[in-house]
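Student: Once you've looked at the hints, dock chains B, C and D against the given chain A.
This is what each chain is made of:
Protein chains: 4
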Amino acid sequence: MIIILKSGIGDAEIDDVCRRVTEMGYAPHIIRGEFKTIVAAVGEERGRPDLRLLEALETVESVIPVQQPFKLASREVRQEPTEVRVHDVVIGGKVVVVMAGPCSVESEAQVLEVAGRVKESGAKILRGGAFKPRTSPYAFQGLKEQGLKYLAEARKRTGLPVVTEVLETESVEMVAEYTDILQIGARNIQNFTLLRRVGEMGKPVLLKRGMATSIQEFLLSAEYILAAGNPDVILCERGIRTFETTTRFTLDLNAVPVLKKLSHLPVFVDPSHGTGHWDLVAPMAKGAVACGADGLIIEVHPKPEEALSDGPQSLKPAKFAQLMRELRPVAEAVGRSL
Amino acid sequence: MIIILKSGIGDAEIDDVCRRVTEMGYAPHIIRGEFKTIVAAVGEERGRPDLRLLEALETVESVIPVQQPFKLASREVRQEPTEVRVHDVVIGGKVVVVMAGPCSVESEAQVLEVAGRVKESGAKILRGGAFKPRTSPYAFQGLKEQGLKYLAEARKRTGLPVVTEVLETESVEMVAEYTDILQIGARNIQNFTLLRRVGEMGKPVLLKRGMATSIQEFLLSAEYILAAGNPDVILCERGIRTFETTTRFTLDLNAVPVLKKLSHLPVFVDPSHGTGHWDLVAPMAKGAVACGADGLIIEVHPKPEEALSDGPQSLKPAKFAQLMRELRPVAEAVGRSL
Amino acid sequence: MIIILKSGIGDAEIDDVCRRVTEMGYAPHIIRGEFKTIVAAVGEERGRPDLRLLEALETVESVIPVQQPFKLASREVRQEPTEVRVHDVVIGGKVVVVMAGPCSVESEAQVLEVAGRVKESGAKILRGGAFKPRTSPYAFQGLKEQGLKYLAEARKRTGLPVVTEVLETESVEMVAEYTDILQIGARNIQNFTLLRRVGEMGKPVLLKRGMATSIQEFLLSAEYILAAGNPDVILCERGIRTFETTTRFTLDLNAVPVLKKLSHLPVFVDPSHGTGHWDLVAPMAKGAVACGADGLIIEVHPKPEEALSDGPQSLKPAKFAQLMRELRPVAEAVGRSL
Amino acid sequence: MIIILKSGIGDAEIDDVCRRVTEMGYAPHIIRGEFKTIVAAVGEERGRPDLRLLEALETVESVIPVQQPFKLASREVRQEPTEVRVHDVVIGGKVVVVMAGPCSVESEAQVLEVAGRVKESGAKILRGGAFKPRTSPYAFQGLKEQGLKYLAEARKRTGLPVVTEVLETESVEMVAEYTDILQIGARNIQNFTLLRRVGEMGKPVLLKRGMATSIQEFLLSAEYILAAGNPDVILCERGIRTFETTTRFTLDLNAVPVLKKLSHLPVFVDPSHGTGHWDLVAPMAKGAVACGADGLIIEVHPKPEEALSDGPQSLKPAKFAQLMRELRPVAEAVGRSL
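Line order of the protein sequences matches chains A, B, C and D. Using this note's numbering, you'd call the opening residue of the first sequence number 1 and step up by one each time. Using this note's numbering, you'd call the opening residue of the second sequence number 1 and step up by one each time. Using this note's numbering, you'd call the opening residue of the third sequence number 1 and step up by one each time. Using this note's numbering, you'd call the opening residue of the fourth sequence number 1 and step up by one each time.
I should point out that these hints are in silico values taken from the structure, not numbers from a laboratory. Heads up, none of these hints are tricks.
If several chains are the same, the list does not tell them apart, and a pair holds so long as it fits within one copy or across any two.
Distance condition first, Cα-Cα at most 30 angstroms in a straight line; then the derived DSS-like pairs of lysine-lysine:
(1) K203 - K144
(2) K6 - K94
(3) K316 - K36
(4) K316 - K94
(5) K260 - K203
(6) K319 - K36
(7) K261 - K319
(8) K6 - K260
(9) K203 - K149
(10) K94 - K319
(11) K36 - K6
(12) K6 - K261
(13) K149 - K319
(14) K316 - K6
(15) K144 - K119
Next comes chain A alone, as it looks inside the complex (with noise of 0.2 angstroms):
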């Protein structure tokens, strides 16, 4: 890290910083400039508490890391990247992979009905919610288990891996049990005793990027679950919080090529989120896969407009055929398959 010192800071207080540095398991360079003084300290930054406390001293301006803090999910640690495989889906390979279904479990016959739809158009992962973080506590929260078994039950008869969410500690094993990927939404991105506990059960998790979550941040709350010893982790940008109210979120395309090059894990799309609106999930689908994404996740309901959650931005069966054939040319122009 660089440790920019005050303006005007003596030898002594320079020595200080120098002691401190040290204690702290880095080797200290000193480079006096005509303006400023700063400290370089020299040695491994990742996956080590870090050297910015020393900006609470009334000595030191900024300190500057050198190093990304994460290291697991780091390009530079392991630069081929990482597939998960889950069954014979191969994610984070050649293969585009799409995720398809409802937001909500609702009943086995729309699940069901879904399932099949999807994987009829080339999908090859079963998507539902049966747990729903809801942001007002009147809306509808999800079948729960009942929810769980109709999804396993899609799984039997279509054959298609299922994703989930899950939204707490407590039921981390009961979802884990129905489901073949776990998933964490954008509002649990850092609940750290969560990333732990899903690094723990041995089965790949689909991360979401939180609305507000830095890169830099997002591939921290990676680590976690890459810590706990899990390396089947594929992130998925899903957007972001900005000014713009046209969009219900800003999907943050740019996240995926700055992923791609910082880290070796697999890059989803979530242009259901990302954008809030139907009319959008197909525009901004062909944009991901164009600019490198692994995967897509996305909604389909059969009657988006009964929906018991984000109607407004399900596709109908119909119009998610359409997109899986215009998808398939993109990902050929960028040298991919669907």
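Tutor: Below, chains B, C and D alone, put in the same frame as chain A:
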């Protein structure tokens, strides 16, 4: 709610919208303009699932709520301000209440020293973290139950009630045994399971706004606690995420008068996390009191440069004492006391 | 518009609101709910001063527009897409048009070299800045008229039409003499005097979204140009300011389908300024074309590490050539050509 | 500056970077870490084009400035606070100075009435807009020179100096003839031609922060005026754009102590534009004074509900008088007077 239909929508489609509005329990009123037809759906919106679902219809351009979605937290439902009592401390009354203490509990000696010093300076409640949510898995995660014991010891010696953060549903009961106020941190503002659980504990809750939480979402999170039967919720602004980087977050003091207008709940401000720099704590604390905050929560550490968390934003006890002296006339200038 | 009155408002006050609505040229309709009364003000809102003024009344809670405030830019007013013709280049048609060239014109040799190279690779229009808006007064401010002459020379030799930025009303005429398309930069998006002036020049205008400009404000800025009699406006997304710092700005590709939905004007994307890093330009350029952009504007410099402005986001000519080869199949995948 | 090289960079490439650093006038110091090599470039950074250009090199990961890029605006260069004198009003001294008046000048009667009322209540400077930057081309654009004449008349009758906005370089001289302080509005914060022009006029400048302007960019815009020879710059925070929509902008009071720390220039706050709602003006005005603002600029209108611009955020004269009475003890509580 107001349902704005797309241009060129015919009578059959308007009837379809009205039928749906009626089925959802609202009375529809059609208003035909030259360019747009709108349907006003009359009825109580608060505490009910919402008509925005109709945005999923291809005939609907957008749906605009007329009422706020929260109910129990609303000033319309309860006009007089809520006062939360913690032993003999009244929160939300004429006195501006200051909570102070270390970010993390690090040792018994540390917490006892700080408790004594902040009491001397006029703090009414002791803060201290035993369970720490940390962005990096490699950072200090708190002393856990041992930390709670040190806090209890400090309370015994000083008589100061204690506020501490609870991170997960499994430890709510344990934390509640030791503390007087349960704190929900910014990262758990939409951990709805946790909100419901603290709502059931019968202890006051200090609820911190998340870094990307809108005022409306903030009050809906409070609504989860209130709806679980707990009326003693203290709202706390602690900085939102914006493009500005000279401060760690952007402490949003506007939230103080906005929350006081919309809700009857007491409103606190955390200038330590909100700014991230100890030298900004004093001016922003004064600003908070002047614009109407009912209290402050401030980090104090005897040696910030050796703190295990958030040293750069902690005040030394002497600086805290000075701040308390300077706050008193500000509180009086706005008709409060300290 | 919809005027939501405060709770407990009596008949006399409702009448007062209705009277004001009528005086402002709208027809008021009163809808009395159980909890709120609203007044719907029926009439053309587009292109008229707005009723939101009534929010100044103590009886009014809020005023909500029903129609978009822009008119000439609106898809409702003109349904077929606008095509802007610049010599034999058609912007907004089937062909995705690429504008390329150096950020700043630095010398005749530089601009001639780049112009030749980007033409070879398939760019249809040459970009280059002669007047540079720079954050710091100490940075290179452009070659001014001399730079325009070099651009004109490059056009003569290559046949490529030229786009260049105009910074101030005084130089609009001079710049218009040399250029084929006038560019309004992000920092001038609400320089209304300048917008009107370029609106009067009869040359196509490339209008860049500002870093904090909402979609609605963006189209209102376009409206200034259109209202001055110039129909040839090309909208350009170039990144908005958010909390994320791994990219210089957050290129908002969502703006592409949103703008295409709301407006008939062609939509371009600038992945160079939008991301600020040359290695993100190619993926985001592909994403932009896949999600429906009508064109791209890309910075190309023979020696980015010696550029007088924005070197870090400039492509070398060979990388630009490769990008153009890779873009072609993406354009074809979405039914366009390049 | 600190230049962080990519992993695995060899000696020849390090030498190349050092050679470039030397050519740009800095002294390079190489620091080899276990994982990263960094080059510290020693020398004055302020007021010079910047080394960040080197980020264009494929061998460089990032370049981090050590010094602030502004110079004349910097507290390091000038330690004592700048006082701006306007006739007998001292801005930036012990007295908190309040500027007040209508958003737009609408008629002679209106401006004379408001001028008299705000003077009576203790305002020291009269504000009023004659040239109005309006988001919509269909909105009232100001009375222009006629408005300036009314302001001059109001000054003659009340003795209050006048501040008014100048929108464009062509009218700077005309506006300067009538006004005592030239205001640069938020939308022109990076209209560098205009900044230079007002810098040459020899009149104090009230410079409003833009809605997406970082503190660093704000001070660089001030630097344009200072570098043109005009030392009398007053900074004004007026709200930034964030995700929060209950306020029109997010008034960033943190900017007050941050600017006072980095710069010697006086700092004002505009709670009218910053919040957009008249009932938030008083609490935020008090907050601003308590956290250290040198002054306020507040909109006052006799009939806000009929104002030609910004009615919803204007105070009636009686409410303004009350605010001034309430502000006095707040100013005194922080060692100032009003």
